[in-house]
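Undergrad: Chains A and R are the protein sequences, given in the same order.
Residue numbers for the first sequence follow our numbering, beginning at -19 and rising by one.
Residue numbers for the second sequence follow our numbering, beginning at 3 and rising by one.
It cannot be assumed that every hint is accurate.
Straight-line Cα separation of at most 20 Å, EDC-like style, residue types lysine to aspartate or glutamate; simulated pairs [unchecked claim]:
no. : chain 1 : residue 1 : chain 2 : residue 2
1   : A       : 37        : R       : 29
2   : A       : 22        : R       : 81
3   : R       : 60        : A       : 82
4   : R       : 70        : R       : 17
5   : A       : 37        : R       : 85
6   : A       : 22        : R       : 61
7   : A       : 58        : R       : 81
8   : R       : 59        : A       : 82
9   : A       : 63        : A       : -2
10  : R       : 44        : R       : 85
11  : R       : 39        : R       : 105
12  : A       : 58        : R       : 51
13  : R       : 73        : R       : 51
14  : R       : 60        : R       : 29
15  : A       : 63        : R       : 81
Honestly, the hints are just simulated from the structure, not real lab data.
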Amino acid sequence: EPEVTQTPSHQVTQMGQEVILRCVPISNHLYFYWYRQILGQKVEFLVSFYNNEISEKSEIFDDQFSVERPDGSNFTLKIRSTKLEDSAMYFCASSNPRGSYEQYFGPGTRLTVT
Amino acid sequence: GENVEQHPSTLSVQEGDSAVIKCTYSDSASNYFPWYKQELGKRPQLIIDIRSNVGEKKDQRIAVTLNKTAKHFSLHITETQPEDSAVYFCAASTQAGKSTFGDGTTLTVKP
């Protein structure tokens, strides 16, 4: 069964550094998402992306964040200047709304900002 | 924006009993309501979902009900087993895929 994959599984970075989290969505999916989950808390929506542009974004997704689909397979989340409070698990998801809204989550990237 | 409230925050049941988790939402534009099970350190896994044009859906021991007028939906797990122990999240999603999650319910099933 096809799965969403994410790399790296764990990223440690220093405050102020830029990080890029990578995702490979399921190949025939058209919608892509990023979520974050601070340890012990709920899953929070960051952004949805369709047809090479952002469809919706949350208040969390400020100017420090950006998303890109640089080629036909990857979907990336960039955090320009990381803060301590960016430490969280970041999940990528994809869906193909033709027939289903179901979002398939990747295994996540644990980001630790020191 | 959307606000999703989920109750209870923790639920402990005896193996074989039923478990019920309830959520309310605020945005009428939400039209898709998934439930996720998340084990420690793992990704959220969809266990059942319901769209706004349906009142009830069942899949073996799991069922979901939706009251669109009252803006609430519930997860029912019957004949609970220890492996059902996990954190369960409800979510309300719009057409564009923006999903607002509840705070989660930690379900413990005691053998």
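Undergrad: Hinted pair, alpha-carbon criterion (20 Å max): residue 22 (chain A), residue 61 (chain R). Please report holds or violated.
TA: violated (25 Å)
Undergrad: Below or equal to 20 Å on CA atoms is what counts here, so check residue 60 (chain R) against residue 29 (chain R).
TA: This hinted pair is violated, its Cα atoms lying about 24 Å apart.
Undergrad: Taken at face value, is the distance from the CA of residue 105 (chain R) to the CA of residue 39 (chain R) at most 20 Å?
TA: Status holds; Cα separation ~13 Å.
Undergrad: Straight-line Cα separation of residue 37 (chain A) and residue 29 (chain R) no greater than 20 Å?
TA: Holds, at about 16 Å.
Undergrad: Would the pair residue 44 (chain R) and residue 85 (chain R) pass a check requiring their Cα atoms to be no farther apart than 20 Å?
TA: This hinted pair holds, its Cα atoms lying about 14 Å apart.
Undergrad: Within a Cα-Cα threshold of 20 Å, do residue 63 (chain A) and residue -2 (chain A) meet the stated pairing?
TA: holds (10 Å)
Undergrad: Starting from residue 22 (chain A), check that the Cα of residue 81 (chain R) is at most 20 Å away, please.
TA: violated (26 Å)
Undergrad: Check whether the Cα positions of residue 73 (chain R) and residue 51 (chain R) lie no farther apart than 20 Å.
TA: Satisfied, since the Cα-Cα distance of roughly 15 Å is no more than 20 Å.
Undergrad: Does residue 63 (chain A) pair with residue 81 (chain R) here, judged by a C-alpha cut-off of 20 Å?
TA: Judged against 20 Å, a Cα distance of about 45 Å means the pair is violated.
Undergrad: Is the hinted pair residue 37 (chain A) and residue 85 (chain R) satisfied, with a Cα-Cα distance of at most 20 Å?
TA: violated (35 Å)
Undergrad: Regarding the pair residue 70 (chain R) and residue 17 (chain R), is the alpha-carbon distance no greater than 20 Å?
TA: At roughly 31 Å apart (the allowed maximum being 20 Å), residue 17 (chain R) and residue 70 (chain R) break the hint.
Undergrad: Going straight from one Cα to the other, do residue 58 (chain A) and residue 51 (chain R) come out at no more than 20 Å?
TA: violated (31 Å)
Of the numbered hints stated above, those contradicted by the structure are hints 2, 4, 5, 6, 7, 12, 14 and 15, listed in ascending order.
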